[in-house]
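Residues per chain are reported as follows:
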Amino acid sequence: MSHATTSRRDFLCVVAGCTAAAVSGSCGDLTHTDFFRKRFREMGKEELAQLLVELDAHNKKRFGKDVHVGAEDAMPDVEFGYALDINLCTGCRRCVHGCVDENNQDRDMEIQWIRVLEMEKEHGVNFHHADPYYDHETVPHEGKFYLPVACQQCRDAPCVKSCPVEATWQEDDGIVVVDYDWCIGCRCCMASCPYGARRFNWKEPEIPADEVNTDMHYLGNRPRPNGVVEKCTFCIQRARKGQYPKCVEVCPVGARKFGNLLDPNGELRYVLENKQVFILKSELSTRPRFYYYYG
Amino acid sequence: MKSTVRLYTSFAFGSLRIITSGNRYYWGWMLVLLTFIGFGAAAYISQLQDGLITTSMRDQVSWGFYIGNFTFLVGVAEAAVTLVIPAYFYNWRPIKEIVAYGILLAVAAIICCTLFVMVDIGRPERFWHLLPGFGGRLNLPSSLLAWDVIALNGYVLLNFGIVTYLLFTMFRKAEPNNRLFMFMVWFSIPAAIAIHMVTAFLYSGLIARPYWNTAILAPRFIASAFCAGPAILLVALQLLRRFTSFHIRREAIWKIAELMAYFMGINLFLLSAEIFQEYYGGKDHVVHLHYMFSGVDGHTAIVPWMWTAVICSVLAFGMFLSRRLRENPYTLNIGCALIFLGVYLEKSMGMVIPGMTPDPLGEIFEYVPSWNEIIISIGILAIGAMLFTLMVKIANQILHGQFNVDQKPMV
Chain A
255 MSHATTSRRD
265 FLCVVAGCTA
275 AAVSGSCGDL
285 THTDFFRKRF
295 REMGKEELAQ
305 LLVELDAHNK
315 KRFGKDVHVG
325 AEDAMPDVEF
335 GYALDINLCT
345 GCRRCVHGCV
355 DENNQDRDME
365 IQWIRVLEME
375 KEHGVNFHHA
385 DPYYDHETVP
395 HEGKFYLPVA
405 CQQCRDAPCV
415 KSCPVEATWQ
425 EDDGIVVVDY
435 DWCIGCRCCM
445 ASCPYGARRF
455 NWKEPEIPAD
465 EVNTDMHYLG
475 NRPRPNGVVE
485 KCTFCIQRAR
495 KGQYPKCVEV
505 CPVGARKFGN
515 LLDPNGELRY
525 VLENKQVFIL
535 KSELSTRPRF
545 YYYYG
Chain B
2 MKSTVRLYTS
12 FAFGSLRIIT
22 SGNRYYWGWM
32 LVLLTFIGFG
42 AAAYISQLQD
52 GLITTSMRDQ
62 VSWGFYIGNF
72 TFLVGVAEAA
82 VTLVIPAYFY
92 NWRPIKEIVA
102 YGILLAVAAI
112 ICCTLFVMVD
122 IGRPERFWHL
132 LPGFGGRLNL
142 PSSLLAWDVI
152 ALNGYVLLNF
162 GIVTYLLFTM
172 FRKAEPNNRL
182 FMFMVWFSIP
192 AAIAIHMVTA
202 FLYSGLIARP
212 YWNTAILAPR
222 FIASAFCAGP
232 AILLVALQLL
242 RRFTSFHIRR
252 EAIWKIAELM
262 AYFMGINLFL
272 LSAEIFQEYY
282 GGKDHVVHLH
292 YMFSGVDGHT
302 AIVPWMWTAV
312 ICSVLAFGMF
322 LSRRLRENPY
332 TLNIGCALIF
342 LGVYLEKSMG
352 MVIPGMTPDP
362 LGEIFEYVPS
372 WNEIIISIGI
382 LAIGAMLFTL
392 MVKIANQILH
402 GQFNVDQKPM
412 V
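Chains as they are written, first to last, in my numbering: chain A, 255 to 549; chain B, 2 to 412.
Read the hints as simulated data drawn from the structure, not as lab findings.
All figures in this text were calculated on a predicted structure; none of them were measured in a lab.
Mixed in with the good hints, there may be bad ones.
[Claimed, not checked] A few chain B residues facing chain A, derived, Cβ under 8 Å:
| hint | residue |
| --- | --- |
| 1 | 126 |
| 2 | 130 |
| 3 | 143 |
| 4 | 144 |
| 5 | 210 |
[As the list claims (entries may be wrong)] With a straight-line Cα cutoff of 30 Å, these simulated DSSO-like cross-link-like pairs (lysine-lysine) come out:
| hint | chain 1 | residue 1 | chain 2 | residue 2 |
| --- | --- | --- | --- | --- |
| 6 | B | 284 | A | 535 |
| 7 | B | 284 | A | 415 |
| 8 | A | 375 | B | 97 |
| 9 | A | 398 | B | 97 |
| 10 | A | 415 | A | 319 |
In this text, a Cβ means the ideal position worked out from N, Cα and C, and glycines have one as well.
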């Protein structure tokens, strides 16, 4: 039985006033379901550990293989940053598909966290001349350049500000995350994001069992229920173990750079100090940690 | 003590008797509403089962018809103020006689607002996350939706308190003039402005959406609310006069119509200021107004609706400027219908959809509400209409001295 069916059943039970029946067993142990689950940030260590064990068991039943949901904390003295060379990007969209596989996005509605925009060289970066649905035999296409956009992990994130229930926040390493079991699905964050980076699960997401990435993070790529918002997390399940995000790894031309902004000898600092860097919609003062540059 | 209990029970049972009896028009109306509610409930069950995919909303246009209706109805709720001020601050008798109906309309409208938000959210069973004290958490002071939850709930409690106190006092044959009551009445005025300001800030605070990100949005909301709310009320009051023993003085209707004319003037003035600013400057984000009034790249789904809205509003303004036309019952009602239509289209679809189209990355996704969305919305409006009818039916007898502590209701 899937995640959301359980919670919907619980919901109907509660609405119908059969809470008593639920406690006595017919609706299962309610305190361990989505419905009564606490906000991630308010959970105690032991409570969280127990929950993760339960999630693993649940996911094993769902996908028929060993799955691990971790909850690694931010590493000390780390602030992640990202840089993308738009001179190198060819618009091949390997990052998009690598991301879908890595982060267990819904295959049915084709939820994609990265949108690659094709723009005209003569107009420069201008969203009114952007086409996300370009479809050529070969890329790059003449006269065009490509601007991949995902969550910009803003320092002053409008989405975090607008969430009425604090279901989305910024972690100590700068990653903006969503608690999928706390989000009420009001979509204020989507209305407030200037980069169109957030995706909503308009239906129960589908992930084929043979394609599921079993290495998961509670705040990242674990399967999401219907009716909540999700977004890029810099592959939190990889980044916090010292690995590159999937999009960096799969980019065939090396246009994507990722690292610790606080590391004075890091790649990111080199780019920021030596290249022509710009950020998207700088006039909005969101202060992104995602930089674009002309390599 | 015993007599107090008896007072409450006779109030409750009497009210129950009133709403369970009525002529064939009453039952016919109830049946129509129940049918709409039934269809709405069925459509909502299918939305609960399949998810919000049953709507036409998608990531590019992530708010739609539900939130549009919500916005419009916040305005309707606010409009009770247009009666409260003349009634209690100018002590003007013709309006004081009918002020309770305005407040009841506000209560019904806010309940509809809450329902529209409930059907819009992806995880309605998690509504308790909004309730501090029940384990929930409100993101204050930064989230405008959190403020809106407080403002709307506070407003509905306040108005429900005012009107129940008023009716119950009259039921007891006493005069409603204690200080707490007057304080509540006084407080309901800034509270009404507050609910609509907070709702406007919910939009105008979004830096990602230049069409909404304008200081003029809150004043526009308030001006249009003061046109559309009274329009509904005027029609409802006339229907009441037609079908019940309800009495309303012509002066009251004329005064309300006059106020509507002023506010429609202000509303159109603010709209034209907005249009000038966008078109003359010709900045990139004039594209949202283009989408609204002329379409962009052949996407013209909402253009006819927006022109209908403008034409209705301008026509109605012209009519209401003429004293003769707004005091003639026929032209008055035509004017009310035009105002209602004009403001409804401008403020529900015309507010939300161009704000979201094109999306922040420039994509144009053409949104037209799905049938499921429309049926659910009609169901919610029917719930509101039913609540309003029931409350008015009780209030009507109390206000006309047909139902009180010594007298069982007339059925």
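Right, here's what the structure says about each hint:
Below 8 Å, beta-carbon pairs count as interface contacts, and residue 126/B has one with chain A at about 4 Å; its hint therefore holds. Contact between residue 130/B and chain A, as hinted, is supported at the beta carbon level, the nearest pair being about 4 Å apart and thus within 8 Å. Of the supplied interface hints, the one on residue 143/B holds, with its beta-carbon coming within about 5 Å of a beta-carbon of chain A, less than 8 Å. A cut of 8 Å between beta carbons decides the hint on residue 144/B: the least distance to chain A is about 4 Å, and the hint holds.
Proximity of residue 210/B to chain A holds as hinted, the smallest CB-CB distance being about 7 Å (cut-off 8 Å). Between residue 284/B and residue 535/A, the direct Cα distance comes to roughly 15 Å. Compliance with the 30 Å bound is thereby established for this hinted pair. Restraint check: the Cα-Cα separation between residue 284/B and residue 415/A comes to about 27 Å, which is no more than 30 Å; the hinted pair holds. Under the criterion of a C-alpha separation no larger than 30 Å, the hint pairing residue 375/A with residue 97/B is inconsistent with the structure, at around 67 Å.
Restraint check for residue 398/A and residue 97/B: not satisfied, since their Cα atoms lie roughly 68 Å apart, outside the 30 Å limit. Pair hint residue 415/A plus residue 319/A does not hold up; C-alpha atoms about 38 Å apart against a cutoff of 30 Å.
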